[in-house]
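I would like the entire structure built from these sequences, with the hints used as guidance.
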Amino acid sequence: MPTSDMCAECGAPQVEGLSCWEQLGGLIAWEYNDPALHARHFLVVACYNLQHPAQFTAAALAELWVGFNDYLDHGVSAATLRQQAAKRYAGATRVLRPEAERQPQLQRWSMTIADVYLPDQPQGVVERLLRWARIIQAYQVGAQA
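The opening residue of the sequence shown carries number 1 in this note's numbering; numbering runs sequentially from there.
Treat each hint with caution, since some may be false.
[To be verified] Between beta-carbon pairs, the in silico distance windows are:
1) 106 - 131: 15 to 23 Å
2) 17 - 82: 17 to 25 Å
3) 140 - 120: 25 to 33 Å
4) 121 - 59: 36 to 44 Å
What the hints contain is simulated information worked out from the structure, not anything from laboratory work. In this text, all values refer to a predicted model and were calculated from it rather than measured experimentally. For each residue, glycine too, the CB sits at the ideal point set by N, CA and C.
Next up, the structure:
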């Protein structure tokens, strides 16, 4: 069962008192000083969101998986993915479920943001991020089997 020290959806533990959401903020803050990490911003956000699916509509989540795989396996640029999403989700199309409909389900992952955001250890973050992405991708493949 989740505790107050871990995320109810991804199972990530708090790190130095930071929730997984706050760890995401820390990771994004590192992007300003690390061009290699900044170049992978899409991957940072996609990994986090794929481990927190309760907030998204089924259609938005399915599209995120497609973009995530296209980025990892086919080198589709984040700019191209943003353009595609902007067309797809223009106007009244929603990507987030209403808060009342969000029902997080705990999914234990072998790697979470807590394994990527290591306070005071930005060195090696891109390698940790790429490993995290491949673990998430492998989960999807296993879930479809």
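Here is how each hint holds up against the structure:
The beta-carbon spacing between residue 106 and residue 131, approximately 22 Å, falls within the hinted interval of 15 to 23 Å. A beta carbon spacing of about 33 Å between residue 17 and residue 82 contradicts the range 17 to 25 Å that was offered as a hint. A beta carbon spacing of about 32 Å between residue 140 and residue 120 agrees with the range 25 to 33 Å that was offered as a hint. One distance hint, 36 to 44 Å for the beta-carbon pair residue 121 and residue 59, holds here, with the actual separation near 37 Å.
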